[in-house]
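Quick mapping for you: the protein sequence lines, in order, are chains A and B. This note's numbering applies: residue 1 is where the first sequence begins, and numbers increase by one. This note's numbering applies: residue 1001 is where the second sequence begins, and numbers increase by one.
It cannot be assumed that every hint is accurate.
To be verified - Computed far set for chain B versus chain A, every beta-carbon distance over 12 Å:
#1 MET1010
#2 GLU1011
#3 PRO1017
#4 PRO1021
#5 GLU1045
#6 ILE1048
#7 HIS1049
#8 ASN1054
#9 GLU1066
#10 THR1072
#11 THR1079
#12 VAL1085
#13 ARG1091
#14 GLN1107
#15 VAL1113
#16 LYS1114
To be verified - Short derived list, chain A residues pointing at chain B, Cβ under 10 Å:
#17 LYS18
#18 TYR48
#19 TYR64
#20 PHE106
#21 GLN108
#22 GLY109
What the hints contain is simulated information worked out from the structure, not anything from laboratory work. Just so we're clear, the structure is a prediction, and the values are computed from it rather than from any experiment. From the three backbone atoms N, C-alpha and C, an ideal C-beta is built for every residue, glycine too.
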Amino acid sequence: EAQVTQNPRYLITVTGKKLTVTCSQNMNHEYMSWYRQDPGLGLRQIYYSMNVEVTDKGDVPEGYKVSRKEKRNFPLILESPSPNQTSLYFCASSVTGGGWGTEAFFGQGTRLTVV
Amino acid sequence: DAKTTQPNSMESNEEEPVHLPCNHSTISGTDYIHWYRQLPSQGPEYVIHGLTSNVNNRMASLAIAEDRKSSTLILHRATLRDAAVYYCILRGILYGSSNTGKLIFGQGTTLQVKP
């Protein structure tokens, strides 16, 4: 089954304690990205990757890091989480990022609370 | 980034057709029109996309105006499981542009389906 898998689904952590949210896709997609969803602000792109070893900042990259060492994995790293990073996070992948008919597949989301 | 405008909410009765409108008057010639939906507590889910011609798939139909400045997502027989937030999104070309491949989610249309 084609899918994007995120882990964990729920996480409560303390300020400053480094954490990683994993994302894996089984569709051999080149393009992967991370979004955060906040009430009243909708979904906003954090980082994206057009292919292995190619990553770039989205609209809200501050406080986050990513890596793309393998095509299937795109982890989101919070080196020193702060309460303003409390949010619902989604990983997404698609064949490419271009507009020519590429549907995006989203993970089930990770609800992160930083206290 | 080209913007879309959708009604905040709509209601439908179960088993009846639903027409969800979207205005995108600043659409460019290379923008594809994508529709996603987000069910409660889930990640966004691809519904349908198109460029100029009307499109049908197992989930819905997409009717695109001749000038491409508006489109309508049609659910032929609404079910209770179709209750969700529906997003109309423009996705442009990637390479050779400043586009990051991100999906720009507005506030969407919250669809309520009454039994």
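Hint check:
no., hint, in the structure
1, MET1010, "18 Å, holds"
2, GLU1011, "22 Å, holds"
3, PRO1017, "23 Å, holds"
4, PRO1021, "19 Å, holds"
5, GLU1045, "7 Å, violated"
6, ILE1048, "9 Å, violated"
7, HIS1049, "6 Å, violated"
8, ASN1054, "15 Å, holds"
9, GLU1066, "20 Å, holds"
10, THR1072, "19 Å, holds"
11, THR1079, "21 Å, holds"
12, VAL1085, "10 Å, violated"
13, ARG1091, "4 Å, violated"
14, GLN1107, "6 Å, violated"
15, VAL1113, "22 Å, holds"
16, LYS1114, "25 Å, holds"
17, LYS18, "25 Å, violated"
18, TYR48, "6 Å, holds"
19, TYR64, "15 Å, violated"
20, PHE106, "3 Å, holds"
21, GLN108, "5 Å, holds"
22, GLY109, "5 Å, holds"
Violated hints, listed in ascending order, are 5, 6, 7, 12, 13, 14, 17, 19; each of the other numbered hints is respected by the structure.
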